[in-house]
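Colleague: Whole structure, please, built from the sequences with the hints as guidance.
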Amino acid sequence: MEKTALLMHYLLVGTCLFGLGTIGFLSRRNLIVMFLSVELMLQGVVVNFAGWDRYHGQSAGQVFILFVVAVAGAEAAIALALIVSLVRGRQGLDVLRLQHVREDIIPPPLPIEDEIGEAELPSWPKLPRVGRPPSIPQEVLEYRPDV
Amino acid sequence: MDMSNLVLILATILMAAGLWWALPWGKQRKRSPGWALLAAGLAMIGALIPPVGSLLARSLITLMAVITVASAAAMITTTRPLYAALWFGMAVLGTAGMLLYNGAEFVAMAVIVIYIGAILVMFLFLLMLDNPKGMAAFDRESWEPLTAALVGALLISLTTATWLHDGSVIGRPTSGEEVGRATHAFVVTKTVDLGHELFSRYGVAVQVLGLILLLALIGAAIIISRPLEPLSDLQDHREKTHAIRDTDSTP
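Residue numbers (the working numbering), protein chains in the order written: chain G, 1 to 147; chain P, 1001 to 1251.
By construction, these hints were calculated from the structure, which means they are not laboratory data.
Glycine is no exception: its CB is placed at the ideal position from the N, C-alpha and C atoms.
Hints are not guaranteed to be accurate.
To be verified - Keeping only pairs whose Cα atoms sit at most 20 Å apart, straight-line, the calculated SDA-like set for lysine to any residue is:
id	chain 1	residue 1	chain 2	residue 2
1	G	Lys-3	P	Leu-1164
2	G	Lys-3	P	Gly-1097
3	G	Lys-3	P	Leu-1146
4	P	Lys-1030	P	Arg-1140
5	G	Lys-3	P	His-1165
6	P	Lys-1190	G	Phe-67
7	P	Lys-1027	P	Thr-1147
8	G	Lys-3	P	Leu-1100
9	P	Lys-1030	P	Arg-1080
10	G	Lys-3	P	Arg-1080
11	G	Lys-3	P	Arg-1140
12	P	Lys-1190	G	Ile-136
13	G	Lys-3	P	Thr-1147
14	G	Lys-3	P	Leu-1063
15	P	Lys-1030	P	Leu-1146
16	G	Lys-3	G	Gly-57
17	P	Lys-1027	P	Arg-1080
18	G	Lys-3	P	Lys-1030
Claimed, not checked - What follows is a list of derived Cβ distance ranges for each label pair:
id	chain 1	residue 1	chain 2	residue 2	range
19	G	Val-71	P	Leu-1129	20 to 28 Å
20	P	Ile-1116	G	Val-101	27 to 35 Å
21	G	Ile-106	P	Gln-1028	29 to 37 Å
22	G	Arg-88	P	Val-1007	44 to 52 Å
23	P	Met-1122	G	Ile-106	26 to 34 Å
24	G	Val-101	P	Leu-1154	49 to 57 Å
Modeller: Now the structure itself:
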């Protein structure tokens, strides 16, 4: 009974990791976060293998965990290539910029230039201006226009 | 209807609602209620599992499980990719703790070294290619957050229901070498045995794995060596193909 309860804990954690990774892969638009979600699903499988390995007292589960980790390494190499080529050819990590891969008869799901509002800039404290005006570099002015 | 089924259904609704609220939509709002709902749903599912071992063992396992799942939830809901990568590292640490508790000490160290030391650091470098400030528009917008949250919550609760009610799914434990040892406490296996098994019984599989890694390297080199065409050229190409198709279809 104790063994079964311990296995159930591991199964629940593995299931949660797999489900959360699925949600991340389905809903996020950043290619890096999507690949991290796939790695999260692999982590769920790893936890599952560990639970069954202990339950049956063999080391086959650990062998398969090593296999999963090696496949994750191969996947990370492909991900590196895909991300670098996306950034080079499309200047961004948005997967919508890869939407020309679809068939011609399928209508585009969203316009490429998305119509999401700008993020709110962080609010900086305002101080009274005294003394000599400082020289502010241009990139700081771009990031903090209210300086 | 069984009481635990009701709890599972309620937990599914809570988890789906919480995830839907916590995923980014492109609109600024307070997202802590979503995390609270998700935690409530997960805690309800966790309460269905029978307790294990002594108080110390129980609290240790619960702590590692909470760290792992909470980091995973934070990873998929944060709007900054840098924080997503760091939360993923935290989830891997929790997983390694659970592996270590199960006596897989070599595998736990391998997971930490490969995932955090190699894969995560590589993704952190890749993050510097684009939007290091994390202010990109597409990071604050999700595809269909409600449907994705429903799919994930249903996946979690249905998978849990299969092994929670039916004991035949889990089966009986193999009582071999572990007879007489505490069944719920920390155990240590021999890494030497793992190595013997890996290179005797699974020797061919190790060779195939090496081949897969080699193929992945070749594939990465091929993908890198062929750059994507610019989008304007693609649109010209598509217009040309459409024109050809139109002339073909007209008799």
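Colleague: Would you mind marking each hint as holding or not holding in the structure?
Modeller: So, going through the hints one by one against the coordinates:
A distance of roughly 14 Å separates the Cα atoms of Lys-3(G) and Leu-1164(P); the hinted pair therefore holds under the 20 Å criterion. A threshold of 20 Å between alpha carbons decides the hint, and for Lys-3(G) with Gly-1097(P) the separation of about 18 Å falls inside it, so the pair holds. Taken as a hint, the Lys-3(G) and Leu-1146(P) pair is broken in the structure, with Cα atoms around 37 Å apart against an allowance of 20 Å. Proposed proximity of Lys-1030(P) and Arg-1140(P) is supported: the alpha carbons are some 14 Å apart, at most 20 Å.
For the suggested pair Lys-3(G) and His-1165(P), the alpha carbons sit about 16 Å apart, so the restraint of at most 20 Å is met. For a cut-off of 20 Å, the pair hint linking Lys-1190(P) to Phe-67(G) stands: about 19 Å separates their Cα positions. For the given pair, Lys-1027(P) sits about 18 Å from Thr-1147(P) by alpha-carbon distance, which is consistent with the 20 Å threshold. About 16 Å separates the Cα atoms of Lys-3(G) and Leu-1100(P), which keeps this hinted pair within 20 Å; it holds.
Between Lys-1030(P) and Arg-1080(P) the alpha-carbon distance is near 16 Å, which keeps this suggested pair within the 20 Å criterion. Restraint check for Lys-3(G) and Arg-1080(P): the C-alpha separation of about 40 Å exceeds 20 Å, so the hint is violated. For the suggested pair Lys-3(G) and Arg-1140(P), the alpha carbons sit about 43 Å apart, so the restraint of at most 20 Å is broken. Taking the CA atoms of Lys-1190(P) and Ile-136(G), the gap is near 62 Å; set against the 20 Å cutoff, the hint is violated.
Among the hinted pairs, Lys-3(G) with Thr-1147(P) is inconsistent with the structure: their alpha-carbon atoms are about 36 Å apart, more than 20 Å. In summary, the hint linking Lys-3(G) to Leu-1063(P) is supported, as the alpha carbons are separated by about 19 Å, within the 20 Å threshold. About 17 Å separates the Cα atoms of Lys-1030(P) and Leu-1146(P), which keeps this hinted pair within 20 Å; it holds. Distance check on the hinted pair: Lys-3(G) and Gly-57(G) sit about 11 Å apart at the alpha-carbon level, within 20 Å; holds.
Between the alpha carbons of Lys-1027(P) and Arg-1080(P) the distance comes to roughly 15 Å, so the proposed pair stays at or under 20 Å and holds. A distance of roughly 41 Å separates the Cα atoms of Lys-3(G) and Lys-1030(P); the hinted pair therefore is violated under the 20 Å criterion. Under the hint 20 to 28 Å, the C-beta atoms of Val-71(G) and Leu-1129(P), about 25 Å apart, fit the expected range. Ile-1116(P) and Val-101(G) have their C-beta atoms about 32 Å apart, which keeps the hinted 27 to 35 Å range intact.
Checking the proposed 29 to 37 Å range against Ile-106(G) and Gln-1028(P) shows it holds: the Cβ atoms sit about 33 Å from each other. Distance hint check for Arg-88(G) and Val-1007(P): the Cβ-Cβ separation is about 51 Å, which falls inside the suggested range of 44 to 52 Å. Our hint of 26 to 34 Å for Met-1122(P) and Ile-106(G) holds, since their Cβ atoms are close to 33 Å apart. Taken as a hint, the range 49 to 57 Å is violated for the pair Val-101(G) and Leu-1154(P), whose Cβ atoms sit roughly 29 Å apart.
Taken one by one, the earlier hints fail for this structure at numbers 3, 10, 11, 12, 13, 18, 24, listed in ascending order.
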